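Engineer: Here is what each chain is made of, one letter per residue.
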Amino acid sequence: MTRSPVFETFRYAAILLALAITLVPIIWMTSMAFKPVSEWQATGADLTWIPKRPTFENFRYLFGQSETTLIVALERTATKPILASLLSAGFGTLIAMGAGTAAAYGLSRFGSGGNLPLALIQLRLFPPMAVMIPVMMMWAFLSLMDTWWGLALIYGIVTLPFAFWLMKTFFDEMPREIEEAALVEGCTRLRVFLKITLPMMRAPLASATLFVFILNWSDYLIALLLTTRQWVTIPVYMSSLASSMTGQLYGAKAALGLIAAVPPVILGIMIQRHLVRGLTFGALKQ
Amino acid sequence: MSAIRLEHLVKRFGSFTALKEMDLTIGDGEFLALLGPSGCGKSTTMNMIAGMEAPSEGRILFGDRDMVGVPMGRRGVGFVFQNYAIFTHMTVRRNLDYGLRMTGRPAVEVRQRAEAMAALLNLTPLLERPAAGLSVNILQRIAIGRSAVMEPAIFLLDEPLSNVDAAFRAVMRTELKALQRQFGQTMVYVTHDQLEAMTMADRIAVMDHGVLQQVGTPLEVYNAPANTFVARFIGSPGMNLLPGRLAETDRGLAVDLGELGISPPLPDALAAAAHGAGRPEVTYGFRPEEVHLVETGPALRLPLILAERIGARTILHLGRAEDAVRAVFQGNPVLPEGVLAIAPDPASLRLFDAVTGAAIRGG
Amino acid sequence: MSVTDTPPAPPPTAASVPADAVRLGHWLTLPAQILILFIAVFPILMQLYISLTDWSPLSGRPWPRAWELWNGFANYADLMSDRRLWSAVGRTALVMIVCVPVQFFLGLGLAMLFVDDFRGKRLFYSILIMPMMVVPAVAGYMFFMLFQSGGPINDIFGTLIGRPVVIAWLSDPTLALVAVMIADIWQWTPLMFLILLAGLVGVPDDQMKAATLLGANAWQRFRTIALPRMKTIIIIALAIRVIENFKIFDTLYIMTSGGPGVATETISVYIYKVTTQDLIWGYVAAIALVILIVLSVVAVLAMRRMAR
Amino acid sequence: MLSAGAKAAIYGSAIGIAPRWIRPAWAAELAPGMIGGPTGFDGAERYQYGPDTPEGRAVEAARALKASGQAPERILMGLSDGSIGQLTQPFPDGAPSIKELWERETGIMIDIVGLPNGQEFTRVMQDISTRAGGMDIYSVEWNRLGDLAESGGIMNLDDFVAEHRPEWDDPVDGYVNGAQGVALLNEYRGSSYGVSLDGDFQTWVYRTDLFGDDAEQNAFRDQFGYDLAPPRTWAQLNDIAGFFHRPDQGLIGSSDLRNQGWGYTNWYQRYCSMAAPNQFLFDDDATPLVNSEAGFLATQDYVASLGHHSADAISWGWPEQYGNFAQGGAAMTCAFSNLPKFLDNPANEGSQVTGLIGSMLPPGTQHGDGIVSRSVLWFSLTGMVSSQSQHPEVAYLLLQWLGSARIYSWMTANPGGYLDPFRLSCFADPLVRQTYHAYHMDNVRETVARTVPTINYPGATAFHNALDENLMAALTGAKTAEQAMADTETTWNQIVRRTGQDKIAEAIKSNKPAWPTVVDPA
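Chains as they are written, first to last, in the working numbering: chain A, 1 to 286; chain B, 287 to 649; chain C, 650 to 957; chain D, 958 to 1479.
If you're looking for bench data, these hints aren't it; they were derived computationally from the structure.
Don't take every hint at face value.
So the derived label-pair ranges between C-beta atoms look like this [what the hints assert, rightly or not]:
#, chain 1, residue 1, chain 2, residue 2, range
1, C, M729, A, Q65, 22 to 32 Å
2, C, M729, D, G1026, 55 to 65 Å
3, C, L950, B, L481, 34 to 44 Å
4, C, L718, A, L19, 54 to 64 Å
5, B, R565, A, E177, 39 to 49 Å
With a straight-line Cα cutoff of 25 Å, these simulated SDA-like cross-link-like pairs (lysine to any residue) come out [unchecked claim]:
#, chain 1, residue 1, chain 2, residue 2
6, A, K52, C, R714
7, C, K922, D, Q1347
8, D, K1056, D, Q1347
9, C, K880, B, R387
10, A, K52, D, P1303
11, D, K1460, C, F806
12, C, K922, D, Q1451
13, C, K770, A, V24
14, C, K770, A, P128
15, C, K922, D, T1079
16, A, K195, C, R714
17, A, K52, C, L809
18, C, K770, A, I26
19, D, K1460, C, R714
20, A, K52, C, F806
21, A, K80, D, P1276
22, D, K1056, A, T77
23, C, K770, A, R11
24, A, K195, C, V671
25, A, K80, D, A1089
26, C, K922, A, P128
Sample of chain C residues at the chain A side, in silico, Cβ under 8 Å [as the list claims (entries may be wrong)]:
#, residue
27, A668
28, I685
29, Q696
30, L759
31, A760
32, P780
33, M782
34, V784
35, M791
36, L795
37, L809
38, I810
39, W835
40, I892
This structure is a prediction, so every number in the text was calculated from the model and none was measured.
Built from N, CA and C at the ideal position, the CB exists for glycine as well.
Put together the whole structure using the sequences plus the hints.
Structural biologist: As structure tokens, then:
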């Protein structure tokens, strides 16, 4: 349909406004990440959107490489928290995808686990904060407190609904003829699932995995309550970035924020095609 | 007031020209089929008539009124989409009275006109049914009724039968033609199926590569194709076209078809016209239905590749590649083995300029 | 992109499935079932138990001995008259009532601009959906910086109106709530945009054109064709945001810790504070169970609707 | 698997360190008669100790336990992130770190578990309530002692104290106010539960460049009719802060905190000075006294003073406060005593106020011809031994050693963390006076003498939360000062009832002797 020039002008104006609003916080964080200490707190006329003296000091500082005399040096560099985030989110994703994919297949093909859809919706509805007391008790009892594998376990459970719903829609849509043919050939059902179905579902499986990873990577609350020191994740670690020398370590926080933003943004772009389906529990597809 | 005139109509999409200089007049109450293969510009033409696309150049007139710039909602055209675009989330009634409701007619009028239309289309028992899940011919009727209820001066139909089972198409064609008679409006019907065009249209406009090739009644385009494209496109199978040279024989002017032999001599009028064309290279054309087997004399001799016997007719595939010729016989004739000798009926012979493809008309 | 118009083939019923398939089905669903039981049974039982007591980690005894502090339904009674809790509930509802519709309409508006093709569409699209990829906690720190009275947001406003603006966003109870909402809207409008765009693109173009040819104007087309066709999508999009908004914590807590005072305290923040500061865990358990019951009812009703 | 790896890494590093320190010469570097202590820098002998000292006894007892196999390989110590440096960074040049010294002398490793600032109590409660056993030593705000003792999460240290004699009340280098000070900081209901490791007496500082500027002085005199000098009363503070409050020039009058969880220390100072010698929070029978004229006036002034604060004051915590002051953004502030240590520090390139900080007593209220000026002890990390510790005695011995006169002074001089001086030994120590600055140290000592304790009764958290919540309501205008005080009274009464009036009354009685009686001449 052809659009009038008035409409086109309006469209570009509206989109540019939206882009500006979208980008302001991101640009600010990026700029802050490259600002030297003296520019962190500049206000009023001194406030700058582009660092006057751009520096990598904030990043170096995070990894214990800085030579600035922020006398209160970091007791812990950001390396371990980044590792903690990667491990807990990664293995949490593995748990969610493993259990979720298997269950989705069981329900989609054999009608097993009819209680799962409701149970998983309830799981998603419920605010994690409200079960954290018993979870802390259990995790302590099982010696899972402050471990990346303990976090991975709870992440696996919390994101199980997404893994399940996503994979269920994928399985529901997948034509069954090939599976049936393989069955006729004499394959066992388990073999069909492992050797035929899963390889065919590689692309959807990858999208769902990345999506679940983003969710796990984003967590703050659970890690806040289930980790204390050894395996704090990036967002929890970030709150310790303050010093008496300079106050809030805005630059370091922004630098770490940028680092934390990298995986989801890249993964998000990679799975753009399936993002909508993921976000809507598989109700919408592309 | 419902005649349509297209003057020098051009449509370009970027550097691609979808429609080149189209001039066409569609008479009031006429059923015109826009026929052509996909990408020929027929849908673009119709979209411009409906107002969905703006022409790059040229004018579109409804009667005397220039419609360029008039938004599509105000052109008073009815449009039947390829998939009917029925509002499946509404009932049949809501589909039928949609336009009336949207244009703010009084409720009483809305009901009366919708019900009258339903009665006309035998849809009355279905009025309160959800439109989703109805059969295609019902959907077609709803689609037409939904537009017809607005009393458009012009009806545009975009390949309405292309999604329909072949078996059902005949029924739908009949129904559509009947409806057109009933409403008596100008109809433009886009199709790539020459059978639909031939059976329903008053006139056919054949298009290819954005160029209008020929306009005429079904018989005109069938019998007197303006060029090789039309000749090949119309008819099923299309006209046999063989490259050749004019050759003087003792029985008059004929066409030398190379390995296939020399054709029977051309009828006088055609021979005269061929002389006048001034170029010995011609394309020799004849309809597959209009050939007969000959035992002796000038004939085209071709090996029989395949005989499709489909009951009432037998289609013979003769020769290979460039020289392929098809012949259609009624019934189940007994055929000799090996090479067949056939001759086209002289009256059905057509010659085309080998370079331009334009018909060389005799008489 | 389209709503799955035809519902997926109904899951096969037990009767129609051969025995070996049933067995495999059970094995395949087992891990998920175990995980759900694992996270459901103990927490519910424990919360049920301690919710009937005055137990607190400060009470000097491990929780299995909470019965020594039995108080019957006193926690549930307290909950009814807990003004701070109810104002947190009200505030959560307020955030939801403001943010979800704003996100919806902004998202819808943007989505409408993106239905057909234009130059730069892909790039703009990629940028516009970036906020939802930012880790919420990071967004919290970002907005904390942005909303300082000498910070960039006031700077922008100042530039726009030509004189310095000093708005103490995070120190004013009303503005703090506004700031928190702005952050939420910033982060989650893209989600609405993404989903609604998928929905809009899924509305058959022919139907919109047909409606136009039948004389419907833009608003009528939207109301009578696009909207009904997108109903499912819209419900899903709204439901997702309502659910997530109900749980709002990360960004908000980092920006304001629920402050100033209790001005931005939502249900999750309130529970967090009561859990970590007041340490009255029997009471927290009571709140948690009430939430669980209410949400379960909601979930069952929602599932029933979905099934229809 | 990974934890095994981590262990290996720790052992590895321990072995790596060992050759550097366990060399035959180190013992010889000690002064004659000394059995331990730091070496390798000028004045190290001040921090060395003989056998019959709290430090010596602690180290020897730990060695003995180690030798008999009753000591662990390592002690897990929970400590605020920002303070860890004081234990782990060598200071001054040539010295070992505190941690290295202890490990060298006892063979018992210290593994520090960092606790995010402000979340110390939360983290500790997490460890206690989940019985995670993640730490042998907790370091938590001093006034949580009562709550933690009641929870059973920390150990009664009486037996250890009796056996190892920490001598906290030593009149020369012990706690300020002797046994009374010890009772205030380390005891709950007559028993020792903690070992103080901090001195967070809220201390006022000002900008000498601004106060000394001739033009400013003249302008001020013209406007107010008296000389510009560090304020002695709240009224003067308001005048001066208002005078310097120029937000458009990036300068605010005063940046003492107003946020949740910290701001009320500044309310305390106002409230407690409302009567001579003290305006108490509770009667002896546990009746709250805040819903009174004194409460209203203190609250009104607390709220009104927002006028010379940053517009963001209500959301500013100490990181913002320190950051702002470092940028030269405030004329005065009230902070931990370590502010000059960090900001008047040539090594801090980010600070623009190096050499420009002065130190002053808290403003007060005039009563007759005397001025009652009160500061408040708030936060102040205190080491406690976890009930879950397998080796509580070793944990205690480490605390006794850390909190002792010599080691603590040496540690607090270290600019690598937040642990602040509180013992008499610290105030006189040259190294402490060097990092905290002489001008500041004397003032800190005087401030300590004017410091009231915050609530440390059972339910301290709940009492403070109620006060905090109402003060925030007053600051944001949601409540008037009168309403805020009345509501505080109501909630406090409920807490008293719930906790038991007798228990609270007893705690109030043991808290009261710690209140100062100094009244300054006007």
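Engineer: Now tell me, hint by hint, if it's right for this structure.
Structural biologist: A quick look at each hint next to the structure:
1. Taken as a hint, the range 22 to 32 Å is violated for the pair M729/C and Q65/A, whose Cβ atoms sit roughly 56 Å apart.
2. Roughly 58 Å separates the CB atoms of M729/C and G1026/D, a value that falls within the hinted 55 to 65 Å.
3. Checking the proposed 34 to 44 Å range against L950/C and L481/B shows it is violated: the Cβ atoms sit about 56 Å from each other.
4. At roughly 57 Å, the beta-carbon separation of L718/C and L19/A lies within the given 54 to 64 Å, and the hint holds.
5. Checked against the hint of 39 to 49 Å, the pair R565/B and E177/A fails, with Cβ atoms roughly 58 Å apart.
6. For a cut-off of 25 Å, the pair hint linking K52/A to R714/C is broken: about 62 Å separates their Cα positions.
7. With a CA separation close to 31 Å, the supplied pair K922/C and Q1347/D exceeds the 25 Å bound.
8. The straight-line distance between the Cα atoms of K1056/D and Q1347/D is roughly 21 Å, inside the 25 Å bound, and the hint therefore holds.
9. The suggested pairing of K880/C with R387/B holds, with an alpha-carbon distance near 22 Å, which does not exceed 25 Å.
10. Taking the CA atoms of K52/A and P1303/D, the gap is near 23 Å; set against the 25 Å cutoff, the hint holds.
11. Between K1460/D and F806/C the CA atoms are separated by roughly 55 Å; this puts the pair beyond 25 Å, and the hint is violated.
12. Between K922/C and Q1451/D, the direct Cα distance comes to roughly 19 Å. Compliance with the 25 Å bound is thereby established for this hinted pair.
13. Pair hint K770/C plus V24/A holds up; C-alpha atoms about 20 Å apart against a cutoff of 25 Å.
14. Taking the CA atoms of K770/C and P128/A, the gap is about 38 Å. The hint is violated against a cut of 25 Å.
15. Of the supplied pair hints, the one linking K922/C and T1079/D holds, its CA atoms being roughly 10 Å apart against a limit of 25 Å.
16. A hinted pair counts as satisfied when its Cα atoms are at most 25 Å apart, and K195/A with R714/C does not qualify at roughly 52 Å.
17. Taking the CA atoms of K52/A and L809/C, the gap is about 23 Å. The hint holds against a cut of 25 Å.
18. For the suggested pair K770/C and I26/A, the alpha carbons sit about 20 Å apart, so the restraint of at most 25 Å is met.
19. Proximity of K1460/D to R714/C is assessed by CA-CA distance (about 23 Å); at most 25 Å being required, the pair is judged to hold.
20. The straight-line distance between the Cα atoms of K52/A and F806/C is roughly 22 Å, inside the 25 Å bound, and the hint therefore holds.
21. Between K80/A and P1276/D the alpha-carbon distance is near 24 Å, which keeps this suggested pair within the 25 Å criterion.
22. A C-alpha spacing of about 19 Å is found between K1056/D and T77/A, which places the hinted pair at or below 25 Å, so the restraint holds.
23. At most 25 Å may separate the alpha-carbon atoms for a hinted pair to count; K770/C and R11/A meet this at roughly 11 Å.
24. Only pairs whose Cα atoms come within 25 Å are accepted, and K195/A paired with V671/C is accepted, the gap being roughly 19 Å.
25. With a C-alpha separation of about 21 Å, the suggested pair K80/A and A1089/D falls inside the 25 Å cut-off, and the hint holds.
26. About 14 Å separates the Cα atoms of K922/C and P128/A, which keeps this hinted pair within 25 Å; it holds.
27. For A668/C, the shortest C-beta to C-beta distance to chain A is roughly 11 Å, which exceeds 8 Å, and the interface hint is violated.
28. The beta carbon of I685/C comes within 5 Å of a beta carbon in chain A, closer than 8 Å, and the hint placing it at the interface holds.
29. Hint status for Q696/C: holds, given a least beta-carbon distance of 6 Å to chain A, under 8 Å.
30. Hint status for L759/C relative to chain A: holds, with the closest Cβ pair at about 6 Å, below 8 Å.
31. Look at A760/C: its Cβ only gets to about 11 Å from chain A, farther than 8 Å, so that hint breaks.
32. Residue-level restraint check for P780/C holds (minimum Cβ-Cβ distance to chain A is 6 Å; threshold 8 Å).
33. The beta carbon of M782/C comes within 4 Å of a beta carbon in chain A, closer than 8 Å, and the hint placing it at the interface holds.
34. The interface hint given for V784/C holds, since its Cβ lies 5 Å from the closest Cβ of chain A, which is under the 8 Å cut-off.
35. Because the beta carbon of M791/C sits about 5 Å from the nearest beta carbon in chain A, less than 8 Å, this interface hint is met.
36. A cut of 8 Å between beta carbons decides the hint on L795/C: the least distance to chain A is about 6 Å, and the hint holds.
37. With a cut of 8 Å, the hint placing L809/C at the interface with chain A is violated, because the nearest CB-to-CB distance is about 12 Å.
38. For I810/C, the interface hint is violated, since its Cβ never comes within 8 Å of a Cβ in chain A; the closest pair sits about 15 Å apart.
39. With its C-beta approaching chain A no nearer than about 7 Å, W835/C sits inside the 8 Å limit, and its interface hint holds.
40. At its closest, the beta carbon of I892/C sits 6 Å from a beta carbon of chain A; the interface hint therefore holds under the 8 Å criterion.
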